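Engineer: Residue numbers (the numbering used here), protein chains in the order written: chain X, 1 to 345; chain B, 1 to 345; chain D, 1 to 345; chain E, 1 to 345.
Some hints could be false.
[Claimed, not checked] Simulated restraints, written as ranges between beta carbons of each label pair: (1) E:A142 to X:C330: 42 to 48 Å; (2) E:R15 to X:Q41: 17 to 23 Å; (3) D:F26 to B:G119: 32 to 38 Å; (4) E:D283 to B:C330: 38 to 44 Å; (5) X:S27 to D:I164: 44 to 50 Å; (6) E:A142 to D:E145: 48 to 54 Å; (7) D:E145 to E:I164: 40 to 46 Å; (8) E:G209 to B:R224: 14 to 20 Å; (9) X:D328 to E:E287: 35 to 41 Å; (10) B:P261 to E:P261: 52 to 58 Å; (11) B:K68 to D:F26: 37 to 43 Å.
FYI, nobody ran anything at the bench for these hints, they're computed from the structure. Predicted model only: the values in this text are computed from it and were never measured. We put the beta carbon where it would ideally sit given N, CA and C, even for glycine.
Number of protein chains: 4
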Amino acid sequence: MSGKRLQVGIIGAGRIGKVHASTVAFSLPQAKIVAITDLNQDAAAELAERCDIPSVAPSAEALLADPKVEAVLICSSTDTHARLIGEAARAGKHIFCEKPIAHDLANIDTALQAVAKSGVKLQIGFNRRFDANFARVRKAVATGEVGTPRLLHIVSRDPFPPPIAFVKKSGGMFLDMTIHDFDMARFLLGEEVEEIFVAGGVMVDPGVGAEGDLDTAVIVLRFRSGAIGTIDNCRQAAYGYDQRVEILGSLGKIATENLFPNEATVSTGTEIRRDLPLNFFMDRYRESFAAEMRAFVEAVIQNHPVPVSGEDARAPVVMGLAARKSFDECRPVRLGEIADGPTKH
Amino acid sequence: MSGKRLQVGIIGAGRIGKVHASTVAFSLPQAKIVAITDLNQDAAAELAERCDIPSVAPSAEALLADPKVEAVLICSSTDTHARLIGEAARAGKHIFCEKPIAHDLANIDTALQAVAKSGVKLQIGFNRRFDANFARVRKAVATGEVGTPRLLHIVSRDPFPPPIAFVKKSGGMFLDMTIHDFDMARFLLGEEVEEIFVAGGVMVDPGVGAEGDLDTAVIVLRFRSGAIGTIDNCRQAAYGYDQRVEILGSLGKIATENLFPNEATVSTGTEIRRDLPLNFFMDRYRESFAAEMRAFVEAVIQNHPVPVSGEDARAPVVMGLAARKSFDECRPVRLGEIADGPTKH
Amino acid sequence: MSGKRLQVGIIGAGRIGKVHASTVAFSLPQAKIVAITDLNQDAAAELAERCDIPSVAPSAEALLADPKVEAVLICSSTDTHARLIGEAARAGKHIFCEKPIAHDLANIDTALQAVAKSGVKLQIGFNRRFDANFARVRKAVATGEVGTPRLLHIVSRDPFPPPIAFVKKSGGMFLDMTIHDFDMARFLLGEEVEEIFVAGGVMVDPGVGAEGDLDTAVIVLRFRSGAIGTIDNCRQAAYGYDQRVEILGSLGKIATENLFPNEATVSTGTEIRRDLPLNFFMDRYRESFAAEMRAFVEAVIQNHPVPVSGEDARAPVVMGLAARKSFDECRPVRLGEIADGPTKH
Amino acid sequence: MSGKRLQVGIIGAGRIGKVHASTVAFSLPQAKIVAITDLNQDAAAELAERCDIPSVAPSAEALLADPKVEAVLICSSTDTHARLIGEAARAGKHIFCEKPIAHDLANIDTALQAVAKSGVKLQIGFNRRFDANFARVRKAVATGEVGTPRLLHIVSRDPFPPPIAFVKKSGGMFLDMTIHDFDMARFLLGEEVEEIFVAGGVMVDPGVGAEGDLDTAVIVLRFRSGAIGTIDNCRQAAYGYDQRVEILGSLGKIATENLFPNEATVSTGTEIRRDLPLNFFMDRYRESFAAEMRAFVEAVIQNHPVPVSGEDARAPVVMGLAARKSFDECRPVRLGEIADGPTKH
């Protein structure tokens, strides 16, 4: 049976590389990791031992040159994504790449063109689409359970602000954090956004403001259908990771709650309480990481379209750039104002 | 229009008398209080002023002799209920009486015989039947929404244990506190209990044990249909008044939650919490007191059967006596073992 | 004791007039209704009988001329509010007036000047401030329980769109429906809004659009402190009246749920379900109507400031005008752009 | 590193054998499966391939004779448990055995004696102790968060009744289904039960009654401390698998809810609903199966006491026998009436 397994190579043995390596090694009988690499060769070697990966490649280039590798998981830092996608495409490897491809459209478009030319598959790591809650909401919209969407509200708040060193190279809150919510908005309603307005500020950490970034914002989205969405972002929620959505449609609404470590409620002489929600994105979205990887492997093996395409990687970046422009200019910004707009590459 | 109003007299100006007086005076246009009395004449006078009651009678006997009084609300102490029911019945007054009629069957039966002979209406103050939660559960059973009942679970816990002085004359926990739950069990399933088993003890206040009473118990009920019920009683719940039921039927279950002063939830760095439930039975059951009074007045005016009959007063006392016997003898007790049983008067 | 009661006159025996009449007549021992009037004299007479009101005045002017009347409740149609406030103030009567005073600032300012000149008290009928849920949220903000507010989200959706005949004279959604939410935003955060941006449309009833109004909108509020609020409005929610708020502060969040007719949950072979929330604003806000009236009567009797002032009537109208301007011009609008702004009369 | 891994053999490649094999193969780096066997050799071979198990033993005896095997997981049918425990103990293998060891105390005691004599570790598969909900409840009791326990209520209902063929050899509902709840009762309160009373019947499937078994019951437990517990069992709940507990203590209560496939709520024109809970015990308790296996492997490797001992296997069987006796004789039964009682082997 191992002869039929998809032969996977992994570039990057950091936090997310470990997650995907474990999934492929232990939960995906249809795939097999044949090689791994990382700038930190010790990290690569350690992960190789833990997951029984037979080869540690000396570089991404070497891994991509390995004929055994049929598909590659790009889990390296964001600034390498666009280049590695191009190289992998030219090497004829199917590609799973973490989001975002790049912080600018030119690099994204170059990468997507290489993919288009080579005909390999490219799936982007918008894992939240595979979360049971958000998938249930998408299903309610797609099946008409709540009718035609009118209003969408996404709450997306982190437990802690990132370190300033990270903020410096993050691309800004819209491209680092909100990008997931931009993808969620498109995914849940199944349509494109036309216009964005932002009201935001620095409410958590003045250091973030010193870097020219913001840490709290409301982003208003106008969809093509006329539906209106809001994204409610904050880099810090005292009670932990807050990830919810609500959609009002013509026939009703669907709303989700956070996930918790347990369903126990304690009633005392002063209050009724429960424990805080799952606080770390690795816990909160654990199953979604496994599910997106399963979907990628199946799409490659069965030669089906991937569920999160290259276009799905580009559109949220356009939205992020529009959001920043709206914030800078204090006015609603149409996506068409950003470069060539979200749909033309 | 006032000519058509039911002319009501009230015996007892204590806590529950005040509740019923306010309801009739301010929320029931179909009725009018024409007289009130209390052993404490000052209390009666004060309530009369507050509710615009034109006459303060010097005694219950005087009030019952007043030809203007068409119906009487007996809100005096339990030890007077049976006698006053008899006197009111002989005076031809319709009767609303607080529960229980008496702690022994002989007095209850004498009172019920007087009522039967006179043909007046008698409604018993099992107000919880009129609570929106429990009425909704009854509806689910009566309409078949959850199918044939199999298991019933009643949670009924007080916020604080009563003072020992009250315990002494209360008739014991089963006749004072559980009696409401016995009524609820019969009401919700719409059928009689055949057998009772009790496991209980003194867990809250040793003083209660010194009086020969108990303060915590599980009471198992076997209904005629074979369905099984449990009542979970405690004289003290640190978090307040706990009043819930759950029924498992062949097609599903229905369960209720407590009522709260607000629906706000606070999430902090340590927990997610809400305020404690309504803690005092006067708050928790406020609307049910008004609803039972409205039902009584309507039943009298329209000459319909009352929703809580004399038999509904007797059966829970039989159950309470059986529960005590089970506790004393550590065995299941059939209701037929108690006096003449619950259905033969 | 009746000698000390506040003598109240009521102008308007319609829906809200009936609510306030019942409250004063049956739940407020400190007050007494001495006169009522309505253009529809039959309606006034009928309500007078139901609530034992001794006098039906032939006109508002006659009622205001009645020396027995110490305070007046203005429950007539909106287009009469400003004029009647002026007349009542000149007659030296304390005033409770339903919201809004008028749809334009000139009339509001004239009315408020008359009040200021006469020195009578004026309370505006923003009843939702007295709702237990929203009062709890205000308390959490005021006491610092959730820290410094960062984000506010108000959901306010009606069960059904109003008839077009009503829409024509409503002043538009922002002045008719959102005005409550504008008041709530100011009340909950205890500060003023500086700038408003609206994204809205006609999603429920094209007839509303034909009148130049909208029926669905997201309104973004920027507060002076920098906090950001969103109001999520729709004239129709299939599941009923939806009235919730959520505040994220530096120490946590507080969020409220709707109110329901019961707390029962039914589990069947296909789903877990509960009954729909209280659907009619008269049910949902029943207790808040009584509480605001109690507060008004107490403020007059004890000569305390009223809890909802004339300025609280003016500011939401400024916000509504700014919202409309933002919608028309597709840009954020500062409140200072509206006439003299919200704080200068 | 593989040299330090605990070498595990598995007896039984059925449903639960597959679960444990997957856990050890893919989630437990500290252990390694070296052999597997099953009466159905094809099933064993298939599982071996899926989990990369190097050896398929022809029999349990052969597997136990394999010197590479350090610990054995007994996942075969219940009637083989006692014998295989004895053989494994004599072969010096540490043992993880599914519950129950046997339906009679003689066989259990013989097995436990063999374990005691050999000094190997024996852990019993009461996986629910490792469920996050029940572990949280245990923690609340152990730390005093809810004070001294007074009342315990366990709800344990299956989605569907078992086939009659299974009922015939199940040992009866008390030893097959309630046995988990008996263990949970002991685990949560951390003390022994002294007396049991059962009220039960056949309400789901008359075929169950024809086999002399019952399918619905309330079991009342009296603990040594005086605390009282109830177990609410039904072989069928239309809405699915229902697994909850509630404890009332002197300082408060703790209660758990079921687990759901998602946290989405849909509000429509007729109801507010959510999807049914996780319906299959393999889904509901998935993480607890992995956690118990992890605990076993760690206990063996670190030579710590196992968290679920042989005594924990015996006591629930005594409780099950007492429950049956109570049901047959319609009276409370003390555990001391059963053979040698729960604590003397």
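Engineer: Check the following: the C-beta atoms of F26 (chain D) and G119 (chain B) are separated by a distance inside 32 to 38 Å.
Structural biologist: Cβ of F26 (chain D) to Cβ of G119 (chain B): about 34 Å, so the range 32 to 38 Å holds.
Engineer: Per the hint of 52 to 58 Å, is the separation of the Cβ atoms of P261 (chain B) and P261 (chain E) within bounds?
Structural biologist: At roughly 33 Å between Cβ atoms, P261 (chain E) and P261 (chain B) fall outside 52 to 58 Å, so the hint is violated.
Engineer: State, for the Cβ atoms of D328 (chain X) and E287 (chain E), whether the hinted interval 35 to 41 Å holds or is violated.
Structural biologist: At roughly 47 Å between Cβ atoms, E287 (chain E) and D328 (chain X) fall outside 35 to 41 Å, so the hint is violated.
Engineer: Mind checking the hinted window 17 to 23 Å against the Cβ distance between R15 (chain E) and Q41 (chain X)?
Structural biologist: violated, 43 Å
Engineer: Using the C-beta atoms of S27 (chain X) and I164 (chain D), is the stated range 44 to 50 Å upheld?
Structural biologist: violated, 58 Å
Engineer: Between D283 (chain E) and C330 (chain B), does the C-beta distance stay in 38 to 44 Å?
Structural biologist: holds, 42 Å
Engineer: A range of 48 to 54 Å was offered for this pair. Does it hold for the Cβ distance of A142 (chain E) and E145 (chain D)?
Structural biologist: Hint violated: Cβ distance 30 Å, outside 48 to 54 Å.
Engineer: Could one say that the CB atoms of G209 (chain E) and R224 (chain B) fall in the range 14 to 20 Å?
Structural biologist: Holds, at about 18 Å.
Engineer: I want to verify a distance hint. Is the separation of the beta carbons of K68 (chain B) and F26 (chain D) within 37 to 43 Å?
Structural biologist: Because 23 Å falls outside the window, the suggested range is violated.
Engineer: Could one say that the CB atoms of E145 (chain D) and I164 (chain E) fall in the range 40 to 46 Å?
Structural biologist: violated, 58 Å
Engineer: For the hint 42 to 48 Å, verify it against the beta carbon of A142 (chain E) and that of C330 (chain X).
Structural biologist: violated, 56 Å
Comparing the model with each numbered hint stated earlier shows that hints 1, 2, 5, 6, 7, 9, 10, 11 do not hold.
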